[in-house]
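Let's have the full structure, built from the sequences with the hints guiding it.
Chain residues, written in single-letter form:
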Amino acid sequence: MAVAVRLSALSKKFGSFSANRNISLSVEEGTIHALVGENGAGKSTLTKIIYGMHRPTSGEMFIDGNAVKFASPRDAIHSGIGMVHQHFMLIPELTVTENVILGNEQCGLFQRIPLNKSKALILNDAEAFGLALDPDALVGSLSIGEQQRVEILKLLFRRAAIMIFDEPTAVLTPLETERFFATLRSLRDRGKTIILITHKLDEVLAVADMVSVMRRGEIVGTIPAASTTKGELAQMMVGRSLLLRVTNPPASPGETILSINKLGFRTKKGVERVHDLSLMIRAGEIYGIAGVEGNGQSELLQMLWGLVPEGAIICGEALLKGRSLIGRSPAEITGMGVSHIPEDRLRHAVISNYTVSENFLFGRHRERFFHQGIGFNTHALNRYAKEMVSDYALSCSSPDRQSLRALSGGNQQKVVLARELSRPAVSLLLLAQPTRGVDIGAIETIHTKIIEARNSGMAILLLSSELEEIIALSTRIGCIYKGSIRHEFTREEVELKRDSGHEFQQEIGLHIT
Amino acid sequence: MNRKSTRLLIPILSILSALVVSSLIIFMAGRDPLMIFLKMFHATFGSAYGTGQVLFRMTTLIFVALAVALPFQVRLFNIGAEGQLLLGAFAAAMTGAMLPSWVPAPASITLCIISAMAAGAGWALLAAVLKVRFGVNEVIGTIMLNFIAQGITGYLLTWHFAVPSTVHTAPITDAAAIPSFGALTGWFASSPANLSTILAIGVALLFQMLIFSSRFGYEMRAVGLQPDAARYGGINAGMHTLIAMGLGGAAAGLGAANIVLGYRHSFEAGMTGGVGFTGIAVALLAGAHPLWILLSALFFGVLEYGGLTVNAYIPKDIFMIIEALTILLVITFSALGRRLQQK
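Protein sequences, first through last, are from chains A and B.
Going by the numbering used here, the first residue of the first sequence is number 1, and it counts up by one from there.
Going by the numbering used here, the first residue of the second sequence is number 1, and it counts up by one from there.
Do not rely on the hints blindly, as some may be mistaken.
[To be verified] Partial pick of chain B residues on the chain A-facing surface, computed with a CB cut under 8 Å:
no., residue
1, 136
2, 213
3, 219
4, 222
5, 228
6, 229
7, 232
8, 233
Simulated from the structure, these hints should not be mistaken for lab results.
These numbers come from a predicted model, not from an experiment.
Glycine included, each C-beta is placed from N, C-alpha and C at the ideal position.
Right under this line is the structure:
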């Protein structure tokens, strides 16, 4: 069979950050090829390169055997590539037909649009692929599943032979998903090539022919969907062999710090994200939550940090040394001795235009220690910043002048970690994705500091999409699946299995899929 | 390009290009641009009186520009300085007129200033509450409130408070008048420049400190730069919106005190003359930086008063075009500068 898309040693760098590293991949014509990986693994960047939205830093791309260099999506469309984005690119005020032909009206600028002719073509396509739709309906009045069909019709109308779908099922109901898969199969059977981005492993196994797993910007493996299992894929997605192991001496946990009891979270639309979740963390231990992203981890953090989206319904309790955390503001929760290192560091934990010193202060600016008059005690702040810079081996020469955005991802994370770990009287640390987007060198420092904090008696709730990180750091491990802790590994089990590597990962893999 | 050089380059470039365009227009209107500019210079800094006039206008502009600049730190566009100024002026004039004459000057002046600030702040807060509580865009909110302020003051003046057969209210008590430099020290001849200028510079310094050296400013700028991160850091963004708008409105009220208490001594129809909108340009030229606003306000003060003085040589209409074009050029160039800095 012919190869529709071939990538050869493709790399993409944003500044010093490698989003894609040395990617080689062949997608055969007339197949469904799934691309799986955690958030930030580089799936989106890769598809954006194929669709002409990014230009690769190095490497080559071939479409139907011809070398191509796309300057914009327009070039990609000309080569027969189409893409359905996660957020639909539709105009709700226009009809289905108008949306489908938009940008491809096939008439002069001031000519009458051949609406009827286009409508007939669209109906034809719709019938051929089982995409039942009223071509005159306003797109705004359609359900999400129907809007997705409009997007597919757009690609068909442009005669796209290669179709890219970015997380297509994220917004669909189970029934709509079934229908969507039927459409995908019929597209494939008629010779279309489909690239499917997702992190839902069930779906991959249900619909894909081939699966490529991405991790940290690289493709770690490409295998036929028929010959793999969810467990294997999960492990490929979250495992990491490069990780440097820190020494993790046995923990000696003390009193109970955080106890979560039957916690539940329901979104405004009624979707249950966290269900009956219970766990307990004691002083001086790290409780690792292992799981595939999207199983309630983010919602758990939102509840514990008092930032629940409007309209969400919470039930159950979360107690810090007997006092409830639910319903309090972040400022109050901080005051109770909780530190938080959020998942999305750049958006939530730092002000990138502020200097490094000012960022050391961020969220801690209410502490008396840094105050002087109506402002801050620059002397105390600079001394503290300097101390942190040397303590965490930060490569930053003048923290009071350099803006944070000038630092690498690893150094930025060290700033956040230094700030949160050195808060006075912290008893609980909520730690999410401590090494996401962080270079290998910084990982070791970060891990060492986390273990040190644990030894000093801090209770740590660790969430990470890197299974190996969870195994390396945790005292106990809870496996989260569909919003509840499905299985918990005791301290003895974790200590025993920590060094068995592969097998333990596989065992955890069973509990999170 | 590095950030420091663009920061200086952009204002200079916009002022230079404004000069070139103005020269061209004056030339096309059949006058010698150099002669006009020289006349303007003589009429402003060439005489004590002219300098005083410029200072007076600069003072109002500093206040209204501060009213725009502070909300700008939390990424709010306060188009409503004009309305806040109008209500502040009306409040100052009414308080001044109603105060019994036995109240001593310091108390009278303070009371009038406070009522002007309260009126301006209240009007701005209204827009802020609409924004925080109901999500009404502050640009729309403040523009509508401008119209309403115009309506309220116009109605109250015409139907209730105007001295019969005039378009102004009864004068304020003598004790409520802010002394002019001329009366106190003989500086700037009989120009309207008054002690408010010192207050304006003081308030600008205060705002500078508030924004860049206080804990409050630290939080406020964080809200403006990254609202999400501010929320995670436990900062109450809504409160900062309210305070920034409230303080901004109060500054606009102080601008009204300069006009009413320092010069006109009553409220008169059309007395603000759109200076609240010029304040937007002043703040933009200064990059919403209180210290730069002092310079920027001086520049626009020269333009405003200088324009008046060359009326005899160049039609008022032409000068109106020049002034508006200058503001447009400034805004265009500062937008361009921001884009350059982002790259």
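Outcome of the hint check:
1. 136: violated (18 Å)
2. 213: holds (4 Å)
3. 219: Holds, because the Cβ-Cβ distance from residue 219 of chain B to chain A comes to roughly 7 Å (cut-off 8 Å).
4. 222: holds (5 Å)
5. 228: holds (5 Å)
6. 229: holds (5 Å)
7. 232: Cβ of residue 232 of chain B sits 4 Å from chain A, so the hint holds.
8. 233: holds (4 Å)
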